[in-house]
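**Student:** One letter stands for each residue in the lines below.
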Amino acid sequence: MSDAPTPAHHDRFSGLPAWLRPRARELPGSGRLRLIETTLLALLGLLLAIATVNDVARQTHINHRLIADLATWRAYTGHRYHNLSIEQELFGPASQHEVVCGNTSPGAPKARTQLCLVVYGSLSGGRRTVHGGWYLPPKVEDVRADRYGCFGVASRGMCPR
Amino acid sequence: MSVATQGERGVARIRSESWRPALVSLLALLILAATTEIVLDGAAGRSPLIPKSPPIASWLRGIGERLGYRVFLIAILVFAGAYALMLLLTRGQRGAVISKRWAIVLIAALHAIVFAGPILISTDIFSYIAYARMGVEHGLNPYLHGPVAISRDPVFQYVGHDWRHVATAYGPLYTLFSYPFAPLGVTGALWGMKVVAQLASVGMLVLTWRCAEKRHLNPAWAILAVGANPLYVIYGLGGAHNDLLMLLLMMAAVSLTLAGRDAAAGAVVVGGALVKATVAALLPFMILSRRRLAPILGALGALALGALLAYLAFGVHGLDVVSALNRDAAFVSTDSFAAELAHLFGKPGVFPVDHDLLKAALVLIALHLMWRTWRGYDWVAASGWTLLAISVTSTWLLAWYILWPLPLAVVTRDRRLLLATLAVQALFIVHQTSPLFAPVQ
Chain A
1 MSDAPTPAHH DRFSGLPAWL RPRARELPGS GRLRLIETTL LALLGLLLAI ATVNDVARQT
61 HINHRLIADL ATWRAYTGHR YHNLSIEQEL FGPASQHEVV CGNTSPGAPK ARTQLCLVVY
121 GSLSGGRRTV HGGWYLPPKV EDVRADRYGC FGVASRGMCP R
Chain B
1001 MSVATQGERG VARIRSESWR PALVSLLALL ILAATTEIVL DGAAGRSPLI PKSPPIASWL
1061 RGIGERLGYR VFLIAILVFA GAYALMLLLT RGQRGAVISK RWAIVLIAAL HAIVFAGPIL
1121 ISTDIFSYIA YARMGVEHGL NPYLHGPVAI SRDPVFQYVG HDWRHVATAY GPLYTLFSYP
1181 FAPLGVTGAL WGMKVVAQLA SVGMLVLTWR CAEKRHLNPA WAILAVGANP LYVIYGLGGA
1241 HNDLLMLLLM MAAVSLTLAG RDAAAGAVVV GGALVKATVA ALLPFMILSR RRLAPILGAL
1301 GALALGALLA YLAFGVHGLD VVSALNRDAA FVSTDSFAAE LAHLFGKPGV FPVDHDLLKA
1361 ALVLIALHLM WRTWRGYDWV AASGWTLLAI SVTSTWLLAW YILWPLPLAV VTRDRRLLLA
1421 TLAVQALFIV HQTSPLFAPV Q
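Chains A and B supply the protein sequences, listed in that same order. Numbers 1 to 161, taken from my numbering, label the letters of the first sequence in order. Numbers 1001 to 1441, taken from my numbering, label the letters of the second sequence in order.
Derived by calculation from the structure, the hints in this document are not laboratory data. All C-beta atoms, glycine included, are put in the ideal place defined by N, C-alpha and C. It cannot be assumed that every hint is accurate.
[As the list claims (entries may be wrong)] Okay, derived cross-link-like pairs now, DSS-like style, lysine-lysine, Cα gap no bigger than 27 Å in a straight line: (1) B:LYS1052 - A:LYS139; (2) A:LYS110 - B:LYS1052; (3) A:LYS110 - A:LYS139; (4) B:LYS1347 - B:LYS1359; (5) B:LYS1100 - B:LYS1214.
[Unchecked claim] If you anchor each label on the Cβ, the simulated ranges turn out as follows: (6) A:ARG156 - B:LEU1309: 56 to 66 Å; (7) A:GLY121 - B:ALA1438: 13 to 23 Å; (8) A:GLU141 - B:PRO1055: 22 to 32 Å; (9) A:ALA49 - B:GLU1065: 31 to 41 Å; (10) B:VAL1353 - A:VAL143: 30 to 40 Å; (11) B:GLY1185 - A:THR39: 50 to 60 Å; (12) B:VAL1353 - A:ALA49: 41 to 51 Å; (13) A:LEU44 - B:ARG1327: 40 to 50 Å; (14) A:THR39 - B:GLU1065: 39 to 49 Å; (15) A:ASP146 - B:PHE1345: 16 to 26 Å; (16) B:GLY1185 - A:GLU141: 22 to 32 Å; (17) B:PHE1345 - A:TYR76: 30 to 40 Å.
[Unchecked claim] Residues of chain B clear of chain A, computed beta-carbon distances all greater than 12 Å: (18) PRO1021; (19) ALA1033; (20) ARG1101; (21) VAL1195; (22) GLY1315; (23) VAL1316; (24) SER1323; (25) ALA1342; (26) THR1373; (27) TRP1396; (28) ASP1414; (29) LEU1419; (30) VAL1424; (31) ALA1438; (32) PRO1439.
Pulled out of the complex, with its shape left as it was, chain B reads as follows (with noise of 0.2 Å):
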């Protein structure tokens, strides 16, 4: 009796089990038709969606509608409702749904797609170019000036409104990374910034991989959940931002530090903060987990090297990265946590109390994780939940900052942290579903 009924559970459960890569096949597909939907509709044409660009993506033109909210938000909604799905009907299988080879022609279909297309959502990448072209064909510093100081230069039309008085905020490493494109033209830099926001993908995704497998963790999973992640795609690869090559680095710094190679890692840490400072959170944890000298030493050395470049190339101002995050700590966005929370409360928004006890919490998590970490606890995970703490209690929270726990997550075993930062990244598409309910026109 129990040996014909286990029988039958085996059957039953293989037959269950057999539809399983079907389903995961039509959500791929789900997942490659929304992708495609976006991009194909916001090729066509004037979008709130889309920015102002030169017309790099006219050859889609034609095919789609343009692209409005209803569309652009159910198509997110499909694309992360298959997301969430593929990951839970793939966990803890080591290949016997998702191959290499199946994860990999998916992402790689899904860079391709957002490489054709238009630039996503955000004007930021006009910023990178116009920072560019002010040091190189103008002459100015862009630590000192924002894109209004080159009113005449042909970048400037497309540079965000809300930015065009604004120096960078981004490392010098980055800035002096970006001079290079400033002599290709607009079109042309434009391009190279997308060339190189797919080459840092996918050498961020190589190394995710790479970890996960050191790890004992199913690469080919590791991988889907951040290269066919929703806000990864579409805002992160989409927008071209360079949170990607930020990304890239931060994920060096940790397939270094699990290879040994604690000096470089730590040498690392400090170039990725050179671009995008964010990073700089995980060189506590790296350092209070290894309790060695060689990634303290490999991070003065490149902190030595990075201030002597940024000061003979712009000057003390490009030394001062603690007054340009200040500023940018101050920013407010409707979609911000904080924002949401003031609101809940009654208050009309953040006010700078609000800011202050935000960062006082933050402080705390921080202290609690490097207790934990000096502990015994994972330091990857501990800097993932630190870069989930910064993104939720910042006033001022993008779509693309709720990327930087995510290539942490998928490498830690800590499975809290890849759920919270999904939740997280959920919230944020809830919220901006309210002109699916009221759409003004």
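Bound conformation, chain A alone (with noise of 0.2 Å):
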């Protein structure tokens, strides 16, 4: 398996002890370092998979309730419209408050005057409860500088003015 050894090996390294000679092939030995390499593998597959699975119902939580966000926005506005935005960051994940944004006429996304609503609280009716919200003018992201119109929890502090 070991690609060919070269011969010179044992002469260069003949002064040091046995244990930590180089050697072209590994030993059969007892299997033992092998056992303990796969255990430790096993165990490690075993977490990963362990975090891995918890991380999609973790995520499948979230997309639930973002669905709700996306309905809470269409039911708040009365508008069927699918090209929305959800910003999770501006209250920090943890938070799970989140802004919903989209167009108040139909147009190509964010092309209209954006509605953003300020949405938390628990899930009911595969909805949650606007607590708030601001207006951006066409064409622009949702940047403190551009929001006007707040209203709601969204009026202590969320707009410059």
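Both chains come to you apart, so use the hints to assemble them.
**Tutor:** Encoded structure:
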């Protein structure tokens, strides 16, 4: 299995103690090292598998919340638009407070005046509660300087004036 | 009695074996169908899985429907399932179920389908083109500026948002290699880089075949395990990633070592590292295993030449690969195992201390593997384990990073490496599946 051994090895490293000397090929041994390695690998694999499944369940839970947020925006505005954007970072991902933005009239994404809603609270009937929001002019990202008409909880410092 | 029983068992075994080629063919058809579905739907137009791109696959438009997460994930799961079953059914069969021609035809068909389609999943190829155009068309150093410096260039609109302010982290050899594509325009460069990815893939598979043959392993099975791998086909080839070029040089180094050309092998590893630094991980294991001066001299010679070229082309910034790697190592992707473990233990994400712990774990693993190599363990397998450990401990994990150990895994006798690599790939795919359970629309 190993590539061609070099004949000079033994001479060059013969001064080293036996346990330190290089080998061209592994000794068959008792297989204890292999067993330890394989056990550690299996345990690590199990941990990664549990972490992966946990993360899928966690993300699925988040997705259910986001689906409810989109439904909330559509119910609040009465528009059945599909190109809505969700901001999860504004209040921190752990806060479970989301900001959903969408056009106030038909058009390409962000091409019209946008209405952003601050949504949080428990899920009920596939929706959550709107606690406030603001408007954005067309073709801008959601930055504080461009917000206007803040209402609800957003009126406490989310708009520049 | 016993002779009759044995005879009956033999007939039963032959009968049970006779369906095997038919089933393997069916699995191959499933793999082809899944790939075709993704490519045709990807060519249909706007999709969150298809990066914004010049219309290179518009001739396929109208056949498929817009590619959504649901169809993509089902196709990937079918592909992965068929691939795993195919490997199991053909394992250890020296030409009984898979002929060389059969394996080559399947892999060639997968390459052709992906080549005909749009760029899949990743915007990286547009970063490659942007860095090339920065250097050639705009006279800017891509090691100093991000693509935002050429925001009026036609390629800029296609560069991923996360990378617009980021200077290149690719090796100077790759950056110089990409320069001739810049004058071809965005579409020309795109096709050029797709051709390079295909050729690199074919070259790497040929070398994998040779290495497997030299090590008395089934070469057809080896290239099937790499060339029909779902992450390799859809993410690696589909995105035309420069990782394929790195893998080509990696397998060239292994092949050269097997031919006893140690100096050239050392030089080629350094050449690979000047494309993408990760492949440098092979060098200590090669040196420890060969215990000759030749690979060290070859590596030093290539490093001196590469450094001179990098300095002449990009100044000192082209030599500072370490700071670029440190910058990228600080990124965190949601698909990384580090992020998954953080969530499992109730943390919101990966903290600086976690980066340090992961680096320490990686160093320990590498030291253990170096010791094993010194004591006779296969250096190719040790290199593969190290590449796998790099991807698992990385906080910035992308699908094509888990491809790195795959060609090495199929040319070693330690089957645990292949099993571990495929298990990590399977977990990556499973981690993508949440939109199947709750599609956000």
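**Student:** Hints first: check each against the structure and report whether it holds.
**Tutor:** Status of the hints after comparison with the structure:
With a C-alpha separation of about 19 Å, the suggested pair LYS1052 of chain B and LYS139 of chain A falls inside the 27 Å cut-off, and the hint holds. Distance hint between LYS110 of chain A and LYS1052 of chain B is fulfilled; the C-alpha atoms sit about 18 Å from each other, no more than 27 Å. In summary, the hint linking LYS110 of chain A to LYS139 of chain A is supported, as the alpha carbons are separated by about 5 Å, within the 27 Å threshold. Restraint check: the Cα-Cα separation between LYS1347 of chain B and LYS1359 of chain B comes to about 19 Å, which is no more than 27 Å; the hinted pair holds.
For the hint pairing LYS1100 of chain B with LYS1214 of chain B, the CA-to-CA distance comes to about 16 Å; that is within 27 Å, so the pair holds. A hinted range of 56 to 66 Å holds for the C-beta pair ARG156 of chain A and LEU1309 of chain B, which are about 59 Å apart. In this structure, GLY121 of chain A and ALA1438 of chain B meet the distance hint of 13 to 23 Å, their C-beta atoms being roughly 19 Å apart. The beta-carbon spacing between GLU141 of chain A and PRO1055 of chain B, approximately 27 Å, falls within the hinted interval of 22 to 32 Å.
For the pair ALA49 of chain A and GLU1065 of chain B, the supplied restraint of 31 to 41 Å holds, since their beta-carbon distance comes to about 34 Å. Restraint check, VAL1353 of chain B to VAL143 of chain A: a C-beta distance of roughly 32 Å satisfies the suggested window 30 to 40 Å. At about 56 Å, the beta-carbon gap between GLY1185 of chain B and THR39 of chain A stays in the expected band of 50 to 60 Å. For VAL1353 of chain B paired with ALA49 of chain A, a C-beta distance near 25 Å fails the hint of 41 to 51 Å.
For the pair LEU44 of chain A and ARG1327 of chain B, the supplied restraint of 40 to 50 Å is violated, since their beta-carbon distance comes to about 28 Å. Separated by about 48 Å at the C-beta atoms, THR39 of chain A and GLU1065 of chain B satisfy the suggested range of 39 to 49 Å. In this structure, ASP146 of chain A and PHE1345 of chain B break the distance hint of 16 to 26 Å, their C-beta atoms being roughly 39 Å apart. At about 30 Å, the beta-carbon gap between GLY1185 of chain B and GLU141 of chain A stays in the expected band of 22 to 32 Å.
With their beta carbons about 37 Å apart, PHE1345 of chain B and TYR76 of chain A fall inside the hinted range of 30 to 40 Å. In this structure PRO1021 of chain B is separated from chain A by more than 12 Å, as the shortest Cβ-Cβ distance comes to about 30 Å. The Cβ of ALA1033 of chain B sits about 26 Å from the closest Cβ of chain A, beyond the 12 Å cut-off, so the non-interface label holds. At roughly 28 Å from the closest C-beta of chain A, the C-beta of ARG1101 of chain B stays outside 12 Å, upholding its exclusion from the interface.
The claim that VAL1195 of chain B is not at the interface with chain A holds, since no C-beta of that chain comes within 12 Å of its own (minimum 33 Å). Once the 12 Å rule is applied to beta carbons, GLY1315 of chain B is consistent with being away from chain A; the minimum gap is 35 Å. With a cut of 12 Å on Cβ distances, VAL1316 of chain B stays outside the contact zone with chain A, its closest approach being about 36 Å. Annotated as non-interface, SER1323 of chain B keeps its C-beta farther than 12 Å from every C-beta of chain A; the closest such distance is 27 Å.
Against chain A, the non-interface label of ALA1342 of chain B is violated: not every CB pair exceeds 12 Å, the least being about 9 Å. Annotated as non-interface, THR1373 of chain B brings its C-beta within 12 Å of a C-beta of chain A; the closest such distance is 9 Å. For TRP1396 of chain B, the non-interface assignment is confirmed: its Cβ lies about 16 Å from the closest Cβ of chain A, beyond the 12 Å cut-off. The beta carbon of ASP1414 of chain B sits about 9 Å from the closest Cβ of chain A, which is not more than 12 Å, so the claim that it is off the interface is violated.
Taking the minimum C-beta to C-beta distance to chain A, about 9 Å, the non-interface status of LEU1419 of chain B is violated against the 12 Å cut. In this structure VAL1424 of chain B is not separated from chain A by more than 12 Å, as the shortest Cβ-Cβ distance comes to only about 7 Å. The claim that ALA1438 of chain B is not at the interface with chain A is violated, since a C-beta of that chain comes within 12 Å of its own (minimum 4 Å). Not every CB of chain A is more than 12 Å from the CB of PRO1439 of chain B (nearest about 7 Å), against its label as outside the interface.
Hint check: violations occur at hints 12, 13, 15, 25, 26, 28, 29, 30, 31, 32; the rest are consistent with the structure.
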